[in-house]
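Heads up: the sequence shown at position 74 corresponds to 74 in the working numbering, and the numbers run straight through without jumps.
The set of hints was computed from the structure by calculation and includes no laboratory data. Predicted, not measured: the structure shown is a model, and the values here were computed from it. One or more of the hints may lead you astray.
To be verified - Have a look at the derived ranges for each label pair, beta carbon to beta carbon:
1. Lys61 x Glu31: 31 to 41 angstroms
2. Arg5 x Thr54: 15 to 25 angstroms
3. Gln50 x Asp17: 17 to 27 angstroms
4. Ile11 x Gln50: 13 to 23 angstroms
5. Asn20 x Lys61: 32 to 42 angstroms
6. Gln53 x Lys18: 12 to 22 angstroms
Beta carbons: idealized from backbone N, C-alpha and C, even for Gly.
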Amino acid sequence: MSVPRYFVEGISKVDPDKSNGIVKITFHIKENGKPQDAVQLIVPVDNLNQSFQTVGETMQKTFGQGGGGRPGGGGGRPGMNPNLKDLTEK
Numbered sequence: 001m002s003v004p005r006y007f008v009e010g011i012s013k014v015d016p017d018k019s020n021g022i023v024k025i026t027f028h029i030k031e032n033g034k035p036q037d038a039v040q041l042i043v044p045v046d047n048l049n050q051s052f053q054t055v056g057e058t059m060q061k062t063f064g065q066g067g068g069g070r071p072g073g074g075g076g077r078p079g080m081n082p083n084l085k086d087l088t089e090k
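Start from the sequences and build out the full structure, keeping to the hints where you can.
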């Protein structure tokens with residue numbers, strides 16, 4: 001099964017629910033120059049914290065303090081960035 005991929009522009013909404021410990025994070029893409037919600041993650045807060053810690057550690061090791069070497073670009077199909085290499089391809 002192929003996993004859909006989106007180049008997200010940012011976070012539209014963070015909706016934590018204290019009653020069940022679930023966090024909903026909605027990400028947006030730009031379509032026709034306007035933000036449009038495209039992806040929503042629904043994650044238990046403990047898993048989310050661990051996931052972001054793992055991502056943060058990986059980014060620190062990869063890019064260091066300054067974040068240098070980040071790919072840029074834009075355009076193309078909405079939600080996709082043609083300048084980014086698909087790191088899932090072997």
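**Prompt:** Going through the earlier hints one by one, which of them does the structure break, listed in rising order?
**Reply:** Hint check: nothing fails, all pass.
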